[in-house]
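In order, the protein sequence lines correspond to chains A and B. Just so you know, we're using the numbering used here here: the first sequence kicks off at 1 and counts up by one. Just so you know, we're using the numbering used here here: the second sequence kicks off at 1 and counts up by one.
Quick caveat, the hints were computed from the structure, so don't treat them as lab data. Backbone N, C-alpha and C fix where the C-beta goes; we use that ideal spot for every residue, glycine too. Hints are supplied without guarantee of correctness; some may be wrong.
With the Cβ distance kept under 10 Å, some of the chain A side facing chain B (calculated, not the full set) [unchecked claim]:
{"hint": "1", "residue": "Phe274"}
{"hint": "2", "residue": "Cys275"}
{"hint": "3", "residue": "Ser356"}
{"hint": "4", "residue": "Ala365"}
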Amino acid sequence: MEFLLEVEGLKKSFGGVAALREGRFQLRAGTVHALCGGNGAGKSTFLKILMGIFKRDAGSIRRRGKDVEFASPADALASGIAIIEQELSPVPHMTVAENIYLGREPSARFGGIDFRAMNRSAQKLLDDLEFDIRATQYMMNLSVAQMQLVEIAKALSHDAEVIFMDEPTSAIGEREAQHLFAAIRRLQAQGRGIVYVSHRLSEIFQIADSYTVFRDGAYVGSGALADIDRPNLIRMIVGRELSEEYIKTNTPTLETVLEVTALTCPNKIEDISFCARKGEIFGIYGLMGAGRTEIFNCLFGLDKPSAGSIKLDGAEVSISRSADAMALGLALVTEDRKLTGLNLSDSVRANICMASLPEMSPAFAMDRPREAQASRDMREKFQIKAARDTMPVSGLSGGNQQKVVLAKWFLRNPKVLLLDEPTRGVDVGAKREIYRIISDFAAAGGTVVMISSEIDEVLGMSDRIMVMRAGKSAGIYSREETDAQSLVHLST
Amino acid sequence: MSVGNNKNAKGWLGSEQRRLLIQEYGIFFAFLILVAVLSVSNEFFLTAGNISNVLLQTSINGVLAIGMTFVILTRGIDLSVGSVVALAGLVSASFVTTSATAGISGAPYPVVVGLGIGLLVGVACGAVSGVIVSRFSVPAFVATLGMLSAARGLTLIYGGGRPVPALTPAFRWIGTGDVLGIPAPVVILAVVFAVSWWILNRTRFGRYIYAVGGNPHAARTSGINITRIQFVVYVVSGGLAGLAGMLLSARTGSALPQAGIAYELDAIAAVVIGGTSLSGGVGRVTGTLIGALIIGVMNNGLDLMGIQSYYQQVLKGALIVGAVMLDQKRNYGA
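In isolation and in its complexed conformation, chain A is listed as follows (with noise of 0.2 Å):
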């Protein structure tokens, strides 16, 4: 049986240090092919090899039998490989079809684009693929799903026969999420190879048929999904045996201490009304653009609501600045540690020291040592993996990029801890310990309110849960009393 793409004794090192040590893979045509592994396992070297990014030290990559030598992005496409990658690079000034057919747009006479003939292959290709997207809307007019489709369909118009999806669901919902699914589905009957790649296990045991498994740089074992279940699966991704996967030791009380009432911010949000318990999770469930981070940006400041009130402990509170809800013992960890969340060119140390700095400072100049304590108690606390406290953040892995996020607030001691979707993009071994994090800190009498889109952590860490949908509440729901099937039927 001859396979689509064949990979065997793939390796890559940087310096010295080993980044793949043993890559293989086998796909076959017709597939949806899971490559499941934490962050650190190899995974994006793996890909960036296939795309013709790095060149390996050693291993043989073999398409239809055949043995491949890719020095480029463009040699990896010619031989029929296309990777979608997480983070879009669309022109948004363009519309689809020239961001579909950049580089190679149908020339006409004197040296002009064929305008016409590009936007006809473009809606062709589209409509073939059953998206709904015109050719000639421009690209920063779409959503992030329909970006993400766009590159499916650029990636199809090169006729790949092995596509590759790196997290193509972390941006976009969970109905996002099913459109691109149906037409994953579409391309497997045509008989392409799809390898995608997930740390979202739910999706790859509803999408994928097989998977490989990488960790350490080197891959552990693959396998039909139909023959393993999810705590397997995750013990070949962690190498070490995982209980549970939430962790929930709190028990809230009935005392409220984040009172919200009819918060409204025009054309974002609308009559919004909830309240946090002490000692409760509180899960805030919806789609992508459903006005889920806008009450956050409400509560903390970073945006005016037109209506509403905010009680903390039963007094009416006005925030107007992100300093005044810090004031009032509110912490907020951002939905995209990158944009929001860091300064990437500052060290582990400052980041985590970034939101305290008036504390630190009591006379202007800053209290050196205390930053270093404060620093030290945080990465001890978290289990930040960083080889110095003054080493760029921006070396350290996804999950712990992420516990420097949340280091940063716990440093302030808060009382309501808001989370905008914690665990995005962390592997299943940091996910955990950000899950113990946050019941712990419930556990000890914290305030959580946590925006989430994947169904399963919402289910596992809430204690209850308010379901948004187009800027509205849908509805406040105890863990007890729903499931997933009721959770997407009620946000769509």
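Could you slot chain B onto chain A? The hints should help.
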């Protein structure tokens, strides 16, 4: 991802340490090499008189470049410093001149009044730029380009296009005097450097500047008032430009309305050569000082070798671009 290959390292340092050393102190080594080459090729270069001369010539650009460092660290730029040098120099001069026609009524005033006025003019110009950038979100390039033109125009209006001569000896001291044999402008540069180093490396305000420049969104979410920080850095830059303007007129003995033209370019060059990133959040004021010294030493050395100033400009251009190319390679290459 870049980790040194210690196995293959030769000599007394691993390549990792070597890389770090070059990264941190590369600019300093470059400066030492430049000095070594010049002192070998010209016996006059390392004499006390010439060293003092180089430092004196560096002092004005050094003060401007340090102010520019504050601004560039927050992802901004201040193109107006050359014009502010002229405005502050001229306005302060009009308070301390003995000339009956060029001064304002009652002049000469005590030197403290002149200095205070000069600083005030600089701070006011910086405050206007700062408000426009931070409150009205006008790109710094545009806002300070406007100030570059406006401050020059105000200088010409204020003095009727004429210079202000005959400054009092007390005022001239800051440009021509000395402290224990060290020229006063060099002492002033040293003080400005020391205070700036302390602010940027040891205080809350310094941490704020790096945070705002590194990631304004994260800084805002962390409770930092980014509008205020952005405002204050332009005030610092403007104030130091005012100081530089007074140093210049005190040294030459009269204030000229066309003083300081293109000074902003040398200041930006010193910051860039010193390794501060124009995209903000990364850089050291020590690097800026060395950057200013490199420009000063190079001009002086080329003068000593009898190379025309026209060629000097070409070399300076190559140096600026070369420094940034090395920086790019170090950050994104390998």
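We went through each hint and held it up to the structure:
1. A least Cβ separation of about 22 Å between A:Phe274 and chain B goes past the 10 Å threshold, and the interface hint is therefore violated.
2. The beta carbon of A:Cys275 is not positioned within 10 Å of any beta carbon in chain B (closest approach about 24 Å), and the interface hint is therefore violated.
3. A least Cβ separation of about 9 Å between A:Ser356 and chain B falls short of the 10 Å threshold, and the interface hint therefore holds.
4. Given hint, A:Ala365 at the interface with chain B, holds; its Cβ is 5 Å from that chain's nearest Cβ, closer than 10 Å.
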